[in-house]
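With the sequences and hints as input, model every part of the structure.
Chains as they are written, first to last, in our numbering: chain Z, 1 to 369; chain C, 370 to 738.
If you're looking for bench data, these hints aren't it; they were derived computationally from the structure. You may find that some hints are simply not true.
Claimed, not checked - The calculated lysine-lysine pairs, modelled on DSS-like cross-linking and capped at a C-alpha distance of 27 Å, are:
{"no.": "1", "chain 1": "Z", "residue 1": "132", "chain 2": "Z", "residue 2": "109"}
{"no.": "2", "chain 1": "C", "residue 1": "505", "chain 2": "Z", "residue 2": "236"}
{"no.": "3", "chain 1": "C", "residue 1": "592", "chain 2": "Z", "residue 2": "223"}
{"no.": "4", "chain 1": "C", "residue 1": "505", "chain 2": "C", "residue 2": "592"}
{"no.": "5", "chain 1": "Z", "residue 1": "132", "chain 2": "Z", "residue 2": "212"}
{"no.": "6", "chain 1": "C", "residue 1": "496", "chain 2": "C", "residue 2": "527"}
{"no.": "7", "chain 1": "Z", "residue 1": "26", "chain 2": "C", "residue 2": "372"}
{"no.": "8", "chain 1": "C", "residue 1": "550", "chain 2": "Z", "residue 2": "3"}
{"no.": "9", "chain 1": "C", "residue 1": "395", "chain 2": "Z", "residue 2": "3"}
{"no.": "10", "chain 1": "Z", "residue 1": "242", "chain 2": "C", "residue 2": "372"}
{"no.": "11", "chain 1": "Z", "residue 1": "341", "chain 2": "C", "residue 2": "605"}
{"no.": "12", "chain 1": "C", "residue 1": "590", "chain 2": "Z", "residue 2": "109"}
{"no.": "13", "chain 1": "C", "residue 1": "651", "chain 2": "C", "residue 2": "710"}
{"no.": "14", "chain 1": "C", "residue 1": "592", "chain 2": "Z", "residue 2": "221"}
{"no.": "15", "chain 1": "Z", "residue 1": "223", "chain 2": "C", "residue 2": "503"}
{"no.": "16", "chain 1": "Z", "residue 1": "134", "chain 2": "C", "residue 2": "592"}
{"no.": "17", "chain 1": "C", "residue 1": "503", "chain 2": "C", "residue 2": "592"}
{"no.": "18", "chain 1": "C", "residue 1": "592", "chain 2": "Z", "residue 2": "136"}
{"no.": "19", "chain 1": "Z", "residue 1": "134", "chain 2": "Z", "residue 2": "221"}
{"no.": "20", "chain 1": "Z", "residue 1": "242", "chain 2": "C", "residue 2": "605"}
{"no.": "21", "chain 1": "Z", "residue 1": "221", "chain 2": "C", "residue 2": "678"}
{"no.": "22", "chain 1": "C", "residue 1": "611", "chain 2": "Z", "residue 2": "3"}
{"no.": "23", "chain 1": "Z", "residue 1": "109", "chain 2": "C", "residue 2": "478"}
{"no.": "24", "chain 1": "Z", "residue 1": "236", "chain 2": "C", "residue 2": "590"}
{"no.": "25", "chain 1": "Z", "residue 1": "181", "chain 2": "C", "residue 2": "372"}
{"no.": "26", "chain 1": "C", "residue 1": "590", "chain 2": "C", "residue 2": "503"}
{"no.": "27", "chain 1": "Z", "residue 1": "221", "chain 2": "Z", "residue 2": "136"}
{"no.": "28", "chain 1": "Z", "residue 1": "242", "chain 2": "C", "residue 2": "710"}
{"no.": "29", "chain 1": "Z", "residue 1": "223", "chain 2": "C", "residue 2": "678"}
{"no.": "30", "chain 1": "Z", "residue 1": "223", "chain 2": "C", "residue 2": "478"}
{"no.": "31", "chain 1": "C", "residue 1": "611", "chain 2": "Z", "residue 2": "309"}
To be verified - Not close to chain C: a few residues of chain Z, all C-beta gaps over 10 Å, as computed:
{"no.": "32", "residue": "68"}
{"no.": "33", "residue": "71"}
{"no.": "34", "residue": "119"}
{"no.": "35", "residue": "131"}
{"no.": "36", "residue": "183"}
{"no.": "37", "residue": "215"}
{"no.": "38", "residue": "259"}
{"no.": "39", "residue": "261"}
{"no.": "40", "residue": "287"}
No residue lacks a Cβ here, since even glycine has one placed at the ideal position from N, Cα and C.
Number of protein chains: 2
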Amino acid sequence: MVKELNPRARFLMGPGPSDVNPMVLKALSTPMIGHLDPQFIEIMDEVMEMTRQLFQTNNQLTSVISATGSAGMETCFVNLLEPGDTAMVCVNGVFGNRMCDIVERCGAKLIRVDAPWGEPIAPGQVKDALEKSKPKLVAIVHAETSTGVLQPLTEISKMVHDAGALFVVDTVTSLGGTQVKVDEWGIDAVYSGTQKCISAPPGLSPVSFNTKSLEIMDQRKTKVQSWYLDLSMIRKYWTGAKRAYHHTGPISMVYAVHEALRIVHQEGLEARFERHLRNHKKLLDGLEAMGFEFLVAPEYRLPMLNAIKIPNGVDEQTVRARLLNEYNIEIGAGLGDFAGKVWRIGLMGESSTPNHVNLLLGALKDILG
Amino acid sequence: MVKELNPRARFLMGPGPSDVNPMVLKALSTPMIGHLDPQFIEIMDEVMEMTRQLFQTNNQLTSVISATGSAGMETCFVNLLEPGDTAMVCVNGVFGNRMCDIVERCGAKLIRVDAPWGEPIAPGQVKDALEKSKPKLVAIVHAETSTGVLQPLTEISKMVHDAGALFVVDTVTSLGGTQVKVDEWGIDAVYSGTQKCISAPPGLSPVSFNTKSLEIMDQRKTKVQSWYLDLSMIRKYWTGAKRAYHHTGPISMVYAVHEALRIVHQEGLEARFERHLRNHKKLLDGLEAMGFEFLVAPEYRLPMLNAIKIPNGVDEQTVRARLLNEYNIEIGAGLGDFAGKVWRIGLMGESSTPNHVNLLLGALKDILG
Chain Z
1 MVKELNPRAR FLMGPGPSDV NPMVLKALST PMIGHLDPQF IEIMDEVMEM
51 TRQLFQTNNQ LTSVISATGS AGMETCFVNL LEPGDTAMVC VNGVFGNRMC
101 DIVERCGAKL IRVDAPWGEP IAPGQVKDAL EKSKPKLVAI VHAETSTGVL
151 QPLTEISKMV HDAGALFVVD TVTSLGGTQV KVDEWGIDAV YSGTQKCISA
201 PPGLSPVSFN TKSLEIMDQR KTKVQSWYLD LSMIRKYWTG AKRAYHHTGP
251 ISMVYAVHEA LRIVHQEGLE ARFERHLRNH KKLLDGLEAM GFEFLVAPEY
301 RLPMLNAIKI PNGVDEQTVR ARLLNEYNIE IGAGLGDFAG KVWRIGLMGE
351 SSTPNHVNLL LGALKDILG
Chain C
370 MVKELNPRAR FLMGPGPSDV NPMVLKALST PMIGHLDPQF IEIMDEVMEM
420 TRQLFQTNNQ LTSVISATGS AGMETCFVNL LEPGDTAMVC VNGVFGNRMC
470 DIVERCGAKL IRVDAPWGEP IAPGQVKDAL EKSKPKLVAI VHAETSTGVL
520 QPLTEISKMV HDAGALFVVD TVTSLGGTQV KVDEWGIDAV YSGTQKCISA
570 PPGLSPVSFN TKSLEIMDQR KTKVQSWYLD LSMIRKYWTG AKRAYHHTGP
620 ISMVYAVHEA LRIVHQEGLE ARFERHLRNH KKLLDGLEAM GFEFLVAPEY
670 RLPMLNAIKI PNGVDEQTVR ARLLNEYNIE IGAGLGDFAG KVWRIGLMGE
720 SSTPNHVNLL LGALKDILG
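The structure is reproduced here in structure tokens:
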């Protein structure tokens, strides 16, 4: 017979999930209620309002998709694209590549704008590409989890709008840990995840769509290829006057996100972003003192995801295994082009504390000598 | 500032979610670990094995999709169908209709086999339809949540296989409450939900695919239209030797399902199914004594989902609202063709107890006089 769960607790310092606050774990264990219960509708309304505040947007359709961040990505593309449309995707890491894969599965024509992994997309690249084609949308990753690059958005946003396209942004790793100003930056469609700087468990994807995006959806000639992610129906459940049933909402996960968002707003966005920056600097100082090099140039470094080069002669798998098994600290391996070449150290949400930084620095000193 | 969650507890006697065992709520609050942590891989392995036992199958690819039951439905169709394929769908309620919608979104040719709502599909209907066409798959709902009909499967399964098609079955409401013999009944692909007779929270979809289904997938000429639900990648995370990252697994929900499945198997499948039947009979006796009529003929009634006709002159919305507000009992309204005509009373998993039956009968007597 299978035994009751009793995993050893970890310090989660990888690319997500991050540590979850005990109050969020407590909220998860709130007794079940129905997905059409007026009490649950009220909870959904509160989640929407707190998500709007976090995205810094007034968009009515700001809610959570009932699946993880990658499903949020897919939601944007399957609702905004129809077969034959053209989509431009900026790629400088794993998640830009994932966007390309999804765009092609939508039957859309893909135009890639590539930058080297570890560097941001230069506005000039987008400008050049927009001169040669007229895409329906341009998509970009704000915080590339595979490389630790923070992508400046405002200049590119203006170019995209001048070209008459929609601007779609991945904020999976940035939301809750640094500024994400959806309205001010002219983002038309945006998605994120719950398990990074929001510090809820993985399982839901916060999303927001402005009226221009909704108009594009209303003008579709074809049905959205995914039933589960079809916003024309999901909207009715989240924002409709009658709150019509679409699928059974993931009640417990919505409880968790509700509490995690409460904690975010109790701390305050500015204080939270400042904390992420402060602990990043502490980690940076400590690692540089040990001789580590960061992958990304200083001005484009994400505070919550630190990609560092693995020194020559270090057996990276052994070090990660010892961190996990002897110190209960999880850090992330390199992904894609960077497999075996970098470590990814997350300081996200509840995992962004001076104690986390001290624990990791101490353990690395123990192991590397 | 939004307040901490504190919803009034309910007795969940609708079409799902059902009541959740306190041990499952406790499992939900287990501290977070990473989706690639060896401890989590072990938990996934245990979930797969317990899910196999529940589906009564040896299929290696038996796991949970990271989204609700409707996403499990979509997973089956998007992976098994390619544009231009033909799919036959049996329809006698809302969920058969949903299957049709998804089949069309896959670009497949749809052949419907319709029976009146509240009645099962007759094997002869399928036979006739199979004589006129040669579909790639035939899909049917085992337990139609919108009507309370239990669909016999073995005779139809044989016809489907004789015609060289795959047999795809929706067991969202039946799994964990009555027999679902995937291997013995020749089911090639099957999906379910966690929030019905398994009594975990909503949010995941147990699925199982046999080798014939996997071969069909391996022979695809086109990519699966959904990235998130593409089993060729999901398989590598759940059953591959290297457990390759696809998306971030919904850790807390997997914890919950792990505990809920443990409880299912501690009770034992036969005892559990017998309990569902016993409480169904108690409810039936009580409701018939009050003059209520069941929608479905006795031999096709689901033990866990009881559709009863709303008596003339009864304001159904007022009664349901009073049950919820005064007694904290949730029952389900009619869906689709049956809106305003039937109530749906669920006795699923933890909600299938004599106390639940007594509470509901007592409250209905209070309200209806």
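| query | Can the restraint linking residue 550 of chain C and residue 3 of chain Z be considered satisfied, given a maximum Cα separation of 27 Å? | reply | holds, 25 Å
| field | Pair hint outcome, residue 26 of chain Z versus residue 372 of chain C [Cα-Cα no greater than 27 Å] | value | holds, 14 Å
| message | Need the status of pair residue 395 of chain C, residue 3 of chain Z: alpha-carbon distance at most 27 Å? | response | Cα-Cα ~14 Å, so holds.
| query | Looking at residue 261 of chain Z again, its CB stays over 10 Å from all of chain C? | reply | Contrary to the label, residue 261 of chain Z does not stay out of reach of chain C, its closest Cβ about 8 Å off (not over 10 Å).
| Proposed proximity, residue 710 of chain C with residue 242 of chain Z (alpha carbon, max 27 Å) | holds, 19 Å
| request: Compute the least Cβ-Cβ separation between residue 215 of chain Z and chain C, then decide whether it is above 10 Å. | output: holds, 22 Å
| said: Between the alpha carbons of residue 503 of chain C and residue 592 of chain C, is the straight-line distance 27 Å or under? | reply: holds, 23 Å
| task | Below or equal to 27 Å on CA atoms is what counts here, so check residue 505 of chain C against residue 236 of chain Z. | result | Distance ~34 Å between residue 505 of chain C and residue 236 of chain Z Cα, so the pair is violated.
| request: For the pair we were handed, residue 221 of chain Z and residue 678 of chain C, check the Cα-Cα distance against 27 Å. | output: Measuring from Cα to Cα gives roughly 40 Å; hence the hint is violated.
| field | Cβ separation check - residue 119 of chain Z to all of chain C, threshold 10 Å | value | holds, 23 Å
| request: Starting from residue 611 of chain C, check that the Cα of residue 309 of chain Z is at most 27 Å away, please. | output: Holds - the C-alpha atoms of residue 309 of chain Z and residue 611 of chain C are around 24 Å apart, at most 27 Å.
| message | Hinted pair, alpha-carbon criterion (27 Å max): residue 109 of chain Z, residue 478 of chain C. Please report holds or violated. | response | Holds. Residue 109 of chain Z to residue 478 of chain C sits at ~25 Å (cutoff 27 Å).
The structure does not agree with the numbered hints 2, 20, 21, 24, 29, 32, 33, 38, 39 stated previously, though it agrees with the rest.
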